Structure formats: C-alpha cells, structure tokens
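Participant: Sequence:
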Amino acid sequence: MQGIHGLSDEMISVFGIRHHGPGSARSLRRALESLRPDILLVEGPPDADELIPLAAHGEMVPPVALLVYCTDQPLQAVYYPFTEFSPEWQAIQFAQAAKMPVRFMDLPQANQLSSDGRQIPEIKESDEGNPRPADPFTWIAEASGYTDGERWWEHFVEQRRESRDVFQGILELMSALREETEKTFPLDKDDNVLREASMRTIIRAAQAEGYQNIAVICGAWHAPKLVQPENFKEDAGLLKGLTKTQVSATWVPWTYNRLTRTSGYGAGIESPGWYEHIWETKTAIVEKWMVKVAHSMRAEDLGISPAHAIEATRLAETLASLRESPLPGLTELNEVVRAVFCFGDDAPLRLVHEKLIVGVRMGKVPPTTPSVPLQLDLAATQKRTRLEPSASPETLDLDLRKPLLLERSRLLHRLNVLGIPWGQLSTTRGAKGTFHELWQIEWKPEFAVNVIEASLWGNTVLDAATNKIESDASKMIELTALTKLVESALLADLPNSISGLMSIIQKIAATSGDVSHLMQALPPLANVLRYGNVRQTDTSMVRQVVDELMARVCIGLPSACSALNDEAAGQFFEHINAVQSAVGILQDDSHTQAWTNALEHLVSQDGVHGLIRGRACRLLFDRSNADGDTARQMGLALSPGTPTPQAAAWVQGFLHGSGLALIHHASLWRLVNQWVMSLSGETFISVLPLLRRTFGTFPAGERRQIGELAKSGGQAEILLGEDQLDMSRVEKVLPLLIKILGLSKEAA
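Residue numbering for the sequence shown follows the working numbering, starting at 15 and increasing by one per position.
Heads up, a few of these hints could be off.
Cross-link-like lysine-lysine pairs, in silico, DSS-like; alpha carbons within 30 Å at most [said to hold, decoys possible]:
1) K296 with K416
2) K306 with K521
3) K197 with K254
4) K498 with K458
5) K416 with K369
6) K489 with K397
7) K378 with K397
8) K369 with K458
9) K247 with K197
10) K306 with K258
11) K416 with K306
12) K369 with K302
13) K302 with K378
14) K302 with K254
15) K296 with K306
16) K397 with K369
17) K296 with K113
18) K306 with K254
19) K753 with K725
20) K746 with K725
21) K378 with K254
The following label-pair restraints were derived from C-beta to C-beta distances [unchecked claim]:
22) Q520 with Q601: 15 to 25 Å
23) P703 with E588: 34 to 44 Å
24) E722 with L693: 14 to 24 Å
The set of hints was computed from the structure by calculation and includes no laboratory data.
Computed from a predicted model, the values in this text were never measured in an experiment.
Quick reminder that beta carbons are idealized off the backbone N, C-alpha and C, glycines included.
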C-alpha cells in the first residue's frame with residue numbers, strides 16, 4: 015500500500031490483515047519485499063519481544079503459540095497462535111531474514127491480565143434499541159450477496175494471489191465501516207480503544223528512535239486508527255493509571271484443532287488444513303485438493319477412483335464460474351465432494367473435515383525455549399520413554415512386565431496426579447490380566463499451562479507428583495478418598511508418599527465407627543496390593559491396614575445391616591459386592607473365612623433387609639454350591655409368612671447379575687416358581703417391576719433358557735444323569751478330553 019506521512023518525514027505503512035489468512039500472508043510478503051521498511055511493528059504482546067528471535071530457530075515448526083501468563087497464577091494466561099500461513103508469522107520471518115528490527119505492539123498483557131486493570135466495554139444501544147452486531151463485516155457480506163463476513167473476506171482477500179494493492183482497499187473499507195459502526199453504535203471505552211492507544215504509543219516510540227520507514231501489521235479492524243498516531247495526550251490519558259501484574263512468556267506447540275473457531279479461539283478460522291493447502295500450493299489448487307481427498311478416503315477403504323477426482327474437479331470449477339468466483343472456495347469443494355465422492359452422504363464428509371479441512375498437525379518449539387524446570391524434566395522423560403506428544407488421539411497397550419512400558423505407565427499416572435490428563439486409563443482390560451493397561455492419549459496445547467502450574471509442586475515429575483499427593487492427603491478427612499489416593503500413589507510409583515498416607519489412614523480408621531466407610535475404603539487398597547505384585551512395589555504397610563480394615567468390616571457388618579430401609583439397603587448391597595470383589599483379589603484364607611462367617615451371620619440374622627439376605631445367600635451358594643442349605647434359606651425367604659416386598663427383594667439380591675443358579679438347580683427353580691405361582695394377581699402386578707428389573711440384567715441366553723423352563727412348567731431336567739447320556743457319543747469325546755486335561759487312561 016502507499017505510505018502515509020505524518021507531521022514529520024517519517025512514513026508509516028499500515029497493512030490490515032486477517033489473522034491466519036494465507037492470501038493476506040502472501041500479499042503482505044510481496045508488499046514488504048517491495049517496501050523494504052526500516053522496522054516492523056506486528057500486532058502481538060510486547061511482553062514477548064525477547065522471544066521473537068526464537069521464531070527463526072531451525073527447530074521452530076508452526077503451528078506454535080506465544081503463551082503469556084501471570085507468573086504467580088499460571089492459569090491466568092493468554093495464547094497468541096501462529097501458523098506458517100499467518101501474516102504476522104511471515105512478517106517476522108521476513109524481518110529476521112533481512113536482519114531488520116521487529117517488535118510486537120498491543121496493550122501489554124501485564125495490563126490486560128491484571129485483576130483490575132482490564133477495562134470493561136460499555137456498550138450502548140442504538141435509537142432502535144438493537145444491540146451492536148457481533149460482526150460488522152456482516153453488513154458488507156449482505157450488501158455483496160454473501161451469507162456471512164467470513165465468506166466475503168475469503169473470496170475477495172484470501173483467494174487473491176500476491177496482490178499488494180489489496181491493502182489500500184482494505185484500509186479504505188475499514189475506515190468507512192468503522193466510521194459507520196461508531197456513529198450507529200457509540201462506545202465510551204472498550205478493549206479496542208485501549209489497545210489502539212497502546213499501539214499508537216509504540217509507533218510513536220519507533221518514530222522517536224529515528225525510524226523513518228515503519229511497517230505496521232495489524233488486524234484489518236485496527237488499521238484506520240493507526241495511520242495517524244499523533245494524538246499523544248489523548249492516548250496518554252487513556253493509558254494512565256492502568257494496573258500491572260508480573261507476567262512471563264514462552265513459546266509452546268499448538269495444533270490446528272485449537273485454531274478453529276469451535277475451540278473457543280476468538281480469532282479462529284474454520285479450515286486450517288484448507289488454508290495450509292492454499293498457502294503451500296502454487297498451481298492446480300483444486301486438482302491437488304481433490305487428490306488429497308481421494309487419498310484420505312481410500313485410506314479408509316472407500317472406493318474412490320481417479321475418475322471421481324477428475325469429475326469433482328470439473329464440477330467445482332463449473333460451480334465457481336456460475337457463482338462468479340475466481341477460485342472454488344471451501345463451500346464449493348465441500349458440496350462437490352459430498353455429491354461426487356460421498357453420493358450425498360454426510361458421514362464420509364466428516365472424515366474429510368477432521369483430517370483435511372481442519373487438519374491433524376502439531377508444532378514444535380526448540381529446546382532453547384524458556385521453560386520451567388518441570389517442563390524440561392517432562393520433555394526429557396518423554397524422550398527417554400519414546401512417548402512424544404501428538405495432536406491426534408492414540409491408543410497405548412502397555413505390558414507392565416516390560417521396563418519401558420512400565421515407565422510410560424508411571425509417567426501417565428504421575429501426570430494425572432498433577433492434573434495433566436494426557437492419558438485416560440480404560441477401565442476395560444479385556445482378558446489380558448492385571449499386567450496390561452490400555453490408555454487413550456491425546457496431547458492438548460493447554461497442558462502447557464497445567465505443567466507450569468504444577469511446577470509449584472517440584473522441579474521433576476516425580477517430586478511434583480509426590481508433593482502433590484502429600485498435600486492432598488493432609489487436607490482429607492474421608493477414609494474413602496484417602497484410600498483412592500493410595501491407589502493413585504502406587505500406580506504412579508510414589509513410594510515416599512505411601513508411608514505417610516498409610517499412617518493417616520490407620521489413624522482415621524481406628525476412630526471410625528462407620529462400617530460403610532470402612533467397606534468403601536477396602537476395595538482401593540485391595541487394588542493397591544494387586545498392582546503392588548505387578549509393579550514389584552513393597553506394599554507391606556498397605557497389607558497391615560487391609561488386615562485391620564477386613565477384621566473390622568467382618569465384625570461390624572451384621573449389626574450395621576440391621577433394620578435398614580430400602581435406600582440404605584441398596585447402598586450396603588453395593589458395598590457388599592465391592593468387598594466380595596476385594597476378597598477375591600486378596601486371595602487370603604483368613605480374610606475369606608472371616609468374610610464367609612460375616613455372610614452366614616447376615617443370612618441367619620433377623621431384621622436384615624431381604625435384599626441383603628438374598629445377596630449374602632447367593633455369595634455363600636457360589637462359594638460352597640450347597641443346594642440343600644440354599645434351598646432351605648430360599649424356602650424360608652419365600653414362605654407365605656414373609657411380606658411380599660421382602661420376598662421380592664430377597665429374589666433380587668439372590669439373582670443379581672446371573673440366573674445360572676435357577677437354570678442349573680431344579681430345586682431352586684421350583685421354589686421360585688412356586689412362590690411366583692402363589693402370588694395373587696394384584697400382588698404379582700405390584701412386584702412385577704422389581705422382577706423385571708432383576709431378570710432384565712441377565713444375558714440374553716440366560717433369559718431364553720429361563721423362558722423355556724417357564725414355558726415347560728419347570729419340568730425340564732437341566733442336569734443329565736448317566737442314564738440320560740448317549741454313551742457312544744461320550745466315548746468318542748473322552749480321548750480328546752484326556753489329552754486336554756493331561757490325564758492317564760487309568761485315571762480317567
């Protein structure tokens with residue numbers, strides 16, 4: 015654009031751009047090469063001026079972002095993303111290559127992040143009572159026949175090929191647009207007023223240093239307010255009295271996904287991947303895009319041929335011509351891909367949107383980037399474990415018997431302790447055993463702030479996680495939360511924190527008379543012992559506490575389950591199931607015997623809720639398979655003297671999770687069947703919802719067999735005697751069974 019002369023001989027050239035616009039970037043680069051200014055002033059945080067030279071580092075790979083945060087409160091932070099096709103990034107690269115001074119200009123984040131230094135916009139309404147529109151570019155778009163301002167800008171600016179004259183037109187358009195906007199929707203003071211005052215102050219500072227050919231790169235909306243930076247007194251008055259806070263700055267990797275408007279980024283774009291394609295591709299833009307789409311779909315085993323790409327290219331160009339567009343835009347390309355590649359189906363188009371339109375890319379920053387010690391230790395650990403951050407989700411199947419994979423597991427668990435959820439542990443382990451962990455990992459750029467915040471706990475991941483666990487434990491008074499913390503500490507392999515945690519747990523458990531709390535605390539500790547074996551960790555202190563908890567639970571359970579209402583019985587029902595699983599994990603004979611004795615007390619004790627008695631009876635039955643005693647207990651529970659709701663609750667507790675006992679034991683089936691048949695029609699209707707809820711949890715195969723039993727009147731024999739077997743067929747199977755079981759023929 016033409017330079018604008020101020021009161022002196024200095025010339026200020028203002029280039030209004032679209033953040034992350036490839037057309038703006040290409041035209042700006044051409045204009046700067048022609049202008050050859052003395053200094054570049056780029057919209058950005060002046061707090062990060064010292065980091066600008068790192069942008070030219072060979073290991074700096076966009077997308078990246080400047081992170082500016084409050085030194086004492088890292089969560090108060092702001093990001094300034096850059097891509098290869100960002101005009102600001104290209105301006106910085108141009109200046110660095112030409113050995114030209116370059117600075118950021120904006121209201122410093124030291125003011126903007128200050129708790130009371132950021133001014134609140136005061137928005138007035140127009141005479142018609144309509145609030146100020148969110149996007150004034152909508153006026154231009156509607157006048158030009160476009161649906162929104164983004165489409166209009168892309169058509170007239172971003173699709174241009176190296177047109178330096180475009181900036182003069184942008185300045186004139188923005189001047190008229192701002193004049194109309196401020197006349198219709200006046201603002202007393204807002205963010206833009208303060209920011210532009212600060213920008214003009216920085217421009218005047220460059221003039222005072224003797225620079226005569228100054229290039230200013232800013233968002234197009236700001237351009238009209240920067241061409242005449244002479245209002246010194248007015249700007250000084252606006253900026254006077256703004257409070258400041260101490261801030262720090264660094265470069266962090268960024269992702270295309272976080273550049274999109276849907277991520278919440280105010281200057282976000284819809285299609286980083288498409289913009290990258292426009293930037294990198296000099297010729298045959300549409301043809302090469304269609305090739306990318308075809309490759310992406312073929313990688314997903316979709317039947318796409320070269321003929322599809324050829325036809326789609328022709329259709330896109332025809333559609334652009336009909337719409338009087340110089341180049342098919344993303345709207346036209348998406349319509350064509352949906353029609354030609356997807357046959358009108360939107361599902362495959364979502365794949366194109368994720369992988370190509372948005373794009374899966376994550377940048378890198380050089381090792382010399384300013385970092386807190388924790389960041390450096392994390393980077394070293396990631397390198398040592400060969401677990402580098404990635405922008406795309408990944409699945410990790412970790413075999414904990416292998417040292418490298420065990421170290422990866424420790425890292426992910428420690429980061430979770432620190433509130434950095436790089437990985438999410440799947441609760442489904444399949445049939446691979448406790449020595450396998452399945453993780454879903456995805457690195458997100460905002461984790462950089464989490465790492466900085468976590469650095470308050472220590473300089474290494476190990477020290478920080480240990481200190482965080484100990485701090486959390488000191489604030490907890492609930493036994494359940496503490497035992498879960500022990501499990502986290504063991505999974506993260508933080509042995510120095512275990513002893514302190516166990517001392518706190520022992521102290522609280524010794525004074526706790528709430529059996530339900532003791533029962534909730536037991537399962538996490540049982541998991542600790544199981545993982546202790548897998549991870550070769552000393553868990554002797556944990557075992558001592560488990561022994562104490564188990565003894566107290568078994569002694570106190572019968573009295574705790576007396577005279578419970580339905581809600582309390584449901585809670586103890588879940589606790590009993592959890593303790594049963596813990597006993598199975600522990601595989602300790604003394605614990606098993608004590609738990610069995612407690613269940614026997616529940617079965618025979620008066621005043622115990624039917625749900626609890628039924629569940630205890632089933633657990634004992636599964637352990638001993640004593641048909642006779644179980645049939646006797648069921649007969650008592652389902653006798654005519656037992657209230658129907660209690661009998662139905664007993665059946666629910668007994669059959670919870672599986673109906674195999676009914677299918678394979680005719681005596682139990684007959685008792686339940688006789689009880690159901692004895693119910694009156696009205697009573698049956700009242701207990702039907704409970705029975706349906708119970709039987710509805712069974713697998714489809716079990717429900718089918720139970721239905722067949724009911725249909726036959728319960729006369730089918732499930733267990734076959736020797737006289738009912740076809741011995742000739744049995745003899746054919748016996749040799750194979752003998753080999754499988756490793757038996758001799760005599761033993762068989």
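Participant: Each hint should be assessed against the structure and marked as holding or not.
Facilitator: Consistency of the hints with the structure:
1. K296 with K416: 49 Å, violated
2. K306 with K521: 64 Å, violated
3. K197 with K254: Holds, because 26 Å separates the two Cα atoms, which is no more than 30 Å.
4. K498 with K458: Answer holds: K498 to K458 is near 26 Å, not above 30 Å.
5. K416 with K369: Not satisfied, since the Cα-Cα distance of roughly 34 Å exceeds 30 Å.
6. K489 with K397: Given that 30 Å is the threshold and the Cα spacing comes to 35 Å, the pair is violated.
7. K378 with K397: OK: K378 and K397 at ~14 Å, within 30 Å.
8. K369 with K458: The hint holds at about 17 Å.
9. K247 with K197: Cα-Cα ~23 Å, so holds.
10. K306 with K258: Answer violated: K306 to K258 is near 49 Å, above 30 Å.
11. K416 with K306: Violated, at about 39 Å.
12. K369 with K302: 15 Å, holds
13. K302 with K378: 27 Å, holds
14. K302 with K254: 54 Å, violated
15. K296 with K306: Holds - the C-alpha atoms of K306 and K296 are around 15 Å apart, at most 30 Å.
16. K397 with K369: This hinted pair holds, its Cα atoms lying about 27 Å apart.
17. K296 with K113: 27 Å, holds
18. K306 with K254: The given pair, whose Cα atoms are some 54 Å apart, is violated under the 30 Å limit.
19. K753 with K725: 40 Å, violated
20. K746 with K725: 34 Å, violated
21. K378 with K254: 39 Å, violated
22. Q520 with Q601: 15 to 25 Å: Because 23 Å falls inside the window, the suggested range holds.
23. P703 with E588: 34 to 44 Å: 20 Å, violated
24. E722 with L693: 14 to 24 Å: Holds, at about 22 Å.
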